[in-house]
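S.K.: Taken in order, these protein sequences are the chains called A and B.
For the first sequence, UniProt numbering gives the first residue as 1, with consecutive numbering after it.
For the second sequence, UniProt numbering gives the first residue as 1, with consecutive numbering after it.
Worth flagging that the hints you see were computed from the coordinates, not collected in a lab.
As the structure is a computational prediction, the values presented were derived from the model and not from experiment.
By construction, the Cβ of each residue, glycine as well, lies at the ideal position given by its N, Cα and C atoms.
Treat the hints with caution; some may be incorrect.
The list that follows gives simulated cross-link-like pairs (lysine-lysine, DSSO-like), each with its CA atoms no further than 27 Å apart [stated by the list, open to error]:
1. A/274 - A/308
2. A/244 - B/46
3. A/160 - A/262
4. B/46 - A/234
5. B/259 - A/284
6. B/234 - A/160
7. A/284 - A/244
8. A/262 - B/259
9. A/284 - A/253
To give an idea of the chain A side of the interface with chain B (calculated C-beta under 7 Å), a few residues [unchecked claim]:
10. 15
11. 60
12. 64
13. 65
14. 66
15. 79
16. 83
17. 86
18. 87
19. 119
20. 159
21. 160
22. 162
23. 221
24. 222
25. 293
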Amino acid sequence: MTSTMSLDSPSIILPGDPLPQLSPLLTPPSSDTSTTTDTKPRSLRLGPGLTLSPTTPSTPILPYRYGTLNLNTHIKRPTASILSTPRHYHPSTNDPVLVTLLRTTAEQFIVQLTPYTPPAIIPFENYIINNAGTTASARKSRPNLPIGATIYARVAVVHKHLESVELTVPDPTFGEVISQKNTSSSSASSTSNQKNKKESSSIPAATATTGASSIANRAEVTPYILSTSQPMTKLLLAEETLGKPLLTAMAAKIPFEMIVGKNGRVWIDAATQKEVIKVVRCFKEFDEAEAWNDEDGGLAKGRYIVGKVCGK
Amino acid sequence: MTSSPLTPEISLNPLPQSDGSCQYTCPTSRTTILTSVNGPLEVRPKDELPNHATIEVIVKPGIGVAGVRETRLSSLIHSTLQSLILTNHHPRTLIQIVAQIVQAEDHTSLPLLLTPLLNCTILSLLIAGIPMRTVGWSVHLAVLQDTKKDIKGVEGQVFKLAKTGDGDAMETEGDEQIVVRNPNSEILSLAKSSHTLTFSKEGDVLLIESLECSQGSGGESADGQGWDITDFLKLAEEGKRICCEEGVEIVREALGDRKVF
Chain A
1 MTSTMSLDSP SIILPGDPLP QLSPLLTPPS SDTSTTTDTK PRSLRLGPGL TLSPTTPSTP
61 ILPYRYGTLN LNTHIKRPTA SILSTPRHYH PSTNDPVLVT LLRTTAEQFI VQLTPYTPPA
121 IIPFENYIIN NAGTTASARK SRPNLPIGAT IYARVAVVHK HLESVELTVP DPTFGEVISQ
181 KNTSSSSASS TSNQKNKKES SSIPAATATT GASSIANRAE VTPYILSTSQ PMTKLLLAEE
241 TLGKPLLTAM AAKIPFEMIV GKNGRVWIDA ATQKEVIKVV RCFKEFDEAE AWNDEDGGLA
301 KGRYIVGKVC GK
Chain B
1 MTSSPLTPEI SLNPLPQSDG SCQYTCPTSR TTILTSVNGP LEVRPKDELP NHATIEVIVK
61 PGIGVAGVRE TRLSSLIHST LQSLILTNHH PRTLIQIVAQ IVQAEDHTSL PLLLTPLLNC
121 TILSLLIAGI PMRTVGWSVH LAVLQDTKKD IKGVEGQVFK LAKTGDGDAM ETEGDEQIVV
181 RNPNSEILSL AKSSHTLTFS KEGDVLLIES LECSQGSGGE SADGQGWDIT DFLKLAEEGK
241 RICCEEGVEI VREALGDRKV F
């Protein structure tokens, strides 16, 4: 029933629904003669929302949340997960997150992932500071981060029996988030790559031009960390699809940079403080209006809000 | 199924601060319940379970202060949800469910409150994204004895006929029973027995709360054995059909409107 419905519109899957769509992925194509390279059995990776449940014979793979099935039928790495937007962030492995440093202990940074969960940790051996793979384990190489610093990290280990979520800083594109135009900082190199990572790529030309001219008054500009709802976060992360209406409208007015953490934090930087605030205003209003529920995916409302905040 | 007397009014996420919330209005008795689900939260050390999440159900009465009745309701809900929620997904945490009775015809009637409470709670659990094994739905059926004297034209298709008697015996006019789905307090007061049945999507029984109502059509059946087993099994079969088909359809429809990405 669900498989026929999913062809035209993604149908809602309730907890405990059987997933016939997954069965072709579970059985390796033994009849295929040309699979000389594909000898090892393919394994389906289960993402959030799906679990193995041997106790329910009808469905060995049990969806435990409601949502829509997200299926990636890649030959090498087929994956499946249930897409849903719960109100709160549940960490899952490899999520990029923006965290705040709470304190430093002898072997780890203790950071706040979300205000409503116990703190997460970044062990120093997970904190890679340069391209050679040097970690922050040695006292000399350890970045001297102030309390309250924002760190762009990735979720490494989530386990229900572990006290805290473990994060990692896998390469220098992650790490402490500092405005990249702020050249005086020692960790400027660590953020240099973030630009192509999560920039509003809609108009790269505009940002390039503002870069040099804005350095003069950089001192007065403080980037803003905006807390967003989970749907809004997903929208900003999907800059080519869901987020396109808002981001194109926004970037046409103001060149800005942002780093989106899946835990509902967005770091926003622009050439002047005024522009930072304007971008923040637009995102906030768009979020509060829940404009993604609109027919056109928030295109009209996004344009209206941007027009209202930034002027014609 | 689409007619109004059978479809409850459901509003999802009316509470902006909770993880998942739902307001549910029973179509006939207008019993309105508001539930909020929060979790996984930090648990009090004395309630902590090493391998499971603790489920806490708090039922708040519409009038007065919570007493034995609310404790009874919350323990019924708790035991039903225990088999629905995958508590081993979030060990050493708390899943907190608060149900507020907003409006009720009869604040003292357990059966009238239980079905809306259960359905509302299950919907808010889904919204909150609490890991669940399956979805359940609850239905309240009242069996009337007297076929002649009551006219219940109000609710169109609400009541169905279940033939009593031994097995598939012929319809003898006197033994006919009327089953009313989602009865309001007026109909319940005429009922011989009341059954709250909860089934999972797969048809497994989650809860049976049957009650003999001797105050209804009276003394003749009030012998402590208000219903016989073949009648009850037929009733349960009907309840299962309602829960598994119509109930699940209602859940799907309610959640289908929400945008998920």
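S.K.: For each hint, tell me whether it holds in the structure or not.
M.R.: Do the hints match the structure? See the list:
1. Proximity of residue 274 of chain A to residue 308 of chain A is assessed by CA-CA distance (about 15 Å); at most 27 Å being required, the pair is judged to hold.
2. Among the hinted pairs, residue 244 of chain A with residue 46 of chain B is inconsistent with the structure: their alpha-carbon atoms are about 49 Å apart, more than 27 Å.
3. For the hint linking residue 160 of chain A to residue 262 of chain A, the alpha-carbon distance of about 19 Å falls within 27 Å, and the restraint holds.
4. Between residue 46 of chain B and residue 234 of chain A the alpha-carbon distance is near 38 Å, which puts this suggested pair outside the 27 Å criterion.
5. Of the supplied pair hints, the one linking residue 259 of chain B and residue 284 of chain A holds, its CA atoms being roughly 19 Å apart against a limit of 27 Å.
6. Simply put, residue 234 of chain B and residue 160 of chain A have alpha-carbon atoms about 44 Å apart, too far for the 27 Å limit, and the pair is violated.
7. With a C-alpha separation of about 16 Å, the suggested pair residue 284 of chain A and residue 244 of chain A falls inside the 27 Å cut-off, and the hint holds.
8. Under the criterion of a C-alpha separation no larger than 27 Å, the hint pairing residue 262 of chain A with residue 259 of chain B is consistent with the structure, at around 18 Å.
9. A threshold of 27 Å between alpha carbons decides the hint, and for residue 284 of chain A with residue 253 of chain A the separation of about 16 Å falls inside it, so the pair holds.
10. Interface restraint check: residue 15 of chain A against chain B, minimum CB-CB distance 4 Å, threshold 7 Å, status holds.
11. For residue 60 of chain A, the suggested interface contact is broken, since its CB lies about 14 Å from the closest CB of chain B, more than 7 Å.
12. Because the closest C-beta pair between residue 64 of chain A and chain B is about 4 Å apart, less than 7 Å, the hint holds.
13. Of the supplied interface hints, the one on residue 65 of chain A holds, with its beta-carbon coming within about 5 Å of a beta-carbon of chain B, less than 7 Å.
14. Among the interface hints, the one on residue 66 of chain A holds; its C-beta lies about 5 Å from the nearest C-beta in chain B, closer than the 7 Å criterion.
15. At a threshold of 7 Å, the smallest CB-CB gap from residue 79 of chain A to chain B is about 17 Å, leaving the interface hint violated.
16. Taking 7 Å as the C-beta cut-off, the interface hint given for residue 83 of chain A holds, the closest approach to chain B being about 6 Å.
17. Of the supplied interface hints, the one on residue 86 of chain A holds, with its beta-carbon coming within about 3 Å of a beta-carbon of chain B, less than 7 Å.
18. Hint status for residue 87 of chain A: holds, given a least beta-carbon distance of 5 Å to chain B, under 7 Å.
19. Below 7 Å, beta-carbon pairs count as interface contacts, and residue 119 of chain A has none with chain B, the closest being about 12 Å; its hint is therefore violated.
20. Residue-level restraint check for residue 159 of chain A is violated (minimum Cβ-Cβ distance to chain B is 10 Å; threshold 7 Å).
21. For residue 160 of chain A, the interface hint holds, the least distance from its beta-carbon to any beta-carbon of chain B being 6 Å, beneath 7 Å.
22. For residue 162 of chain A, the interface hint is violated, since its Cβ never comes within 7 Å of a Cβ in chain B; the closest pair sits about 10 Å apart.
23. With 7 Å as the threshold, the beta carbon of residue 221 of chain A stays out of range of chain B, its nearest partner Cβ sitting at about 32 Å, so the hint is violated.
24. Among the interface hints, the one on residue 222 of chain A is violated; its C-beta lies about 29 Å from the nearest C-beta in chain B, farther than the 7 Å criterion.
25. Against a cut-off of 7 Å between C-beta atoms, the interface hint on residue 293 of chain A holds, since the closest Cβ of chain B lies about 5 Å away.
Comparing the model with each numbered hint stated earlier shows that hints 2, 4, 6, 11, 15, 19, 20, 22, 23 and 24 do not hold.
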